[in-house]
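Chemist: In case you want the letters, here they are:
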Amino acid sequence: MTELMWRIAGGSGDGIDSTSQNFAKALMRAGLDVFTHRHYPSRIRGGHTYVEVRADEDPVRSRGDGFNFLLALGDSFARNPQEGSDTVYGNEEIKPLSENLDDLNEGGVIVYDEGLLDEETLERADIDLEAMAEENDWHVYPLDLRGLAREHGREVMRNTAGVGATAALLDMDLQHIEALMEDAMTGEVLEANLDILERAHESVNEEYEFTHDLRTPTGDHDEQQVLMSGSNAVAYGAIDEGCRFISGYPMTPWTDVFTILSQHLPKFGGIAEQVEDEIAAASLAVGASHAGVKAMSGSSGGGFALMSEPLGLAEMTETPIVLIEAMRAGPSTGMPTKPEQADLEHILYTSQGDSCRIVFAPANVRECYDQTRAAFRLAYEYQLPAIVIIDQKLSGEMRNADESFFDREPNADPGSVLTEEEIREAAHHESGKFKRYQHDTENGASPRAIPGQKDGRFLASGNEHTPEGHISESPTNRVAQMDRRMSKLDSIRAELDDGDSSHQTHYGPEDAEYGLLVWGSQQDTVFEAVDQLNEAGESVKALGVSDLMPYPEDEVSAFLESVESCLVVEMNASAQFRGLTQKELGRFGPKLNSLLKYNGEAFEPSEVVEGFERIVSRDAAIPEGTKFVPAAGD
Amino acid sequence: MSVFSAIGEEREIDRDEFTPGIEPQATWCPGCGDFGVLKALKQAMPEIGRTPDETLLVTGIGCSGKLSSYFESYGFHSIHGRSLPVARAAKLANPGLEVIAAGGDGDGYGIGGNHFMHTARENHDMTYIVFNNEIFGLTKGQTSPTSPKGHKSKTQPHGSAKDPVRPMSLSLASGSSYIARTAAVNPNQAKEILIEAMEHDGFAHVDFLTQCPTWNKDAKQYVPYTDVQDDDEFDFDVTDRREAADAMYEAESRLHEGEVLTGRFYVDSDRPSYGEEKRATDEMPDDPLAERYLDEDSEWERSADLLHHHR
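Taken in order, these protein sequences are the chains called A and B. Just so we're aligned: 385 in this note's numbering is position 385 of the first sequence, and the numbers increase by one with no gaps anywhere. Just so we're aligned: 1219 in this note's numbering is position 219 of the second sequence, and the numbers increase by one with no gaps anywhere.
Accuracy of the hints is not assured; some may be wrong.
Looking from chain B toward chain A, a few residues come up when the C-beta cut is under 7 angstroms (computed) [as the list claims (entries may be wrong)]:
1. Ile-1013
2. Phe-1076
3. Ser-1153
4. Ser-1303
Just so you know, the hints here were simulated from the structure itself, not pulled from any lab data. From the three backbone atoms N, C-alpha and C, an ideal C-beta is built for every residue, glycine too.
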């Protein structure tokens, strides 16, 4: 059976987000695997926005290629209330229909709100839908969703009418949708919505002869499922690893994580602080951590730039903190609601001096949870900052997973902190000062004391300092301290390689001829492309890298050794991850080609497939909106 | 036994306990006003009954930032202008600590001005000492936010065209609940004011006039001083915002005319501290959060409690 790729389009503020979330959840409850993709402008009311929900009985890895069902609601905010409710600004109103036709697959289904998008609107926008439908074998169902909603409730309930019509056209049971509505609403509002849902469902069934084949796939889950975004998973990972302090300043798309934790931490006995700027936000995390609490902050590119000072301070004072960097397109304020992976170098090296930090870039919702936990554990064990990179895509996309995956033991261990008894036995200067930064340690971390503990007094200084914490410019001391701090990364790499917490993902046949190398949020899309390529007779495998610092040298080296040639796929214009790989490994330049995309959209599997063809056949064209950078020397 | 046994320890405390037993010797210039702050602080500590182990001193950088090197306690020598956000989070994490933040006039009223405004607004229960010498010292004598109008330096060779910051007025407008000005040349008053500031339950801001004999050739400007509490001319109610505002304005204006007025300028003992406000709305736990991590008996909830929302 064909999978469902449903797209709901409207204006920002038209309830597209909540409607799609409920729809996705209903499909999950019906036994399917789901994946959602959000597209929205940097605008609160009006403007073209859509959410795609992909559902299949098999695991869904990405948004997929194109889509096959469009619910075009029209943009209710395009109307100019000053000039009467039927006057619209330009062609804004038609955009939920017109802007989405390019990616609609052949044989796709279109439902549009005839109540808003009447013939005149279509004409004004110069859209000959009939001709287009014929050419692409689309099945078009104009429905007066606005009228139906008005008649049985209020106009804003057009969404519900749209979902009712969708369910009818896809032969979908209403029970899960109704149950979700009952959870979310009460009283008259609920009744009106239920009424509209059923009317729309009935009227479509009664009035239309269905010409399309698409129906809801069927599936079954063995375990209780949950639907979660990357931001949810980061927040929950932090809670389970004992994070009880968050400080931040709002910035898209980091705001999601910040909001979730601000709402929940106080209920878990923690503290949330919205502060004056990002310098303060990261500095507060440093202060809370110094005083013994597991603390987190974060931002997006522009705000993270401000955090570069406290980040370096945390490195020098060896104060553990976790920072989240939710990337969006840059430079500067860039494109606030569009994804990009172009802050990588900024995250790896920002702040003065040599960088000594952990950087993780999870691939998906599960890794967001896992790596946030690992980031806390390692940061507190080794006393350095850990940064978890997500992006606008991963922060907002929702996927289902087994509930048991997220139901794990909490760990609030503050890492290498001494008890008062241990402090008494630890090394002290003859004056009584605790040797907080002693040189000779096993793994680079010298155990710490927390203010308020007896006899653990020390000075944490952003200046280079002696073992007792006193400012020092002694060359011998400097080298000893630098070497110890830098050695932490080797210890961490060894620990990750040794344990089961390394997060690199190998995909595809081990003996494949060609390789795809990818990092962060684009991994699952590339894995889907690997399947498509191998099905088409190619010999391809992929390595998804989620640990960026310390870099998984051995694993990536072995992968690159084993392939003829490799395509590195990332969302930026300067091939930053390829650069990191070459810097870390010092070779493989002639094997690494790049497929880059930086137009504000994440990769689709088919683009990776097309881009891959370029490394096999030099004549192949690369997909529109991407850039190909050949291997060094080519 | 408490996991922070130094906190609340009751015993005789000697001011010498606050002198580090080791290097480095203070690198402040001979005659520097910063010595006066250090001395007054050491004298005040035994009086408020706090030990070095339960005290956290957070400093910025520059000459004033070195205070944490010469004062024995838990210390955090942070970066220019950022002592306040570090300090206030430490206080939230462990309200049992005596938290003191210190920095210079460039640090506090310039680069850290935004943090100053917001920390005052939130009324964190801590003491903030600003070493105000009207000059950048450690970078060798540039004009600072408190340098008088017309002040000439290498970076303002034609004289500063800017009005100086009015620290106390700014502090009052921002929401500090205790505001005083004292001077290094006035050790007894300085000590008394620091005791009051530390005992005050809320954000106590002390603008501490410190002479810079090296870069500010008008170093002697802070002698003689007048204590506004001892002078009949300044018969104002320190608990009244308007009267306090007038007195501050007067004191800040006269400083640039060469008359040094010090004393306490504003005291609001009724306003709850930020921690109290947060605890009252269940935004902060009643017991010190930091304690939970070291207490083996504490139970940690897991996020699974939230998963039903996602089913």
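Chemist: All hints, please: hold or fail.
Modeler: Here's how the hints hold up against the structure:
no.: 1; hint: Ile-1013; in the structure: violated, 14 angstroms
no.: 2; hint: Phe-1076; in the structure: holds, 5 angstroms
no.: 3; hint: Ser-1153; in the structure: violated, 25 angstroms
no.: 4; hint: Ser-1303; in the structure: holds, 4 angstroms
Comparing the model with each numbered hint stated earlier shows that hints 1 and 3 do not hold.
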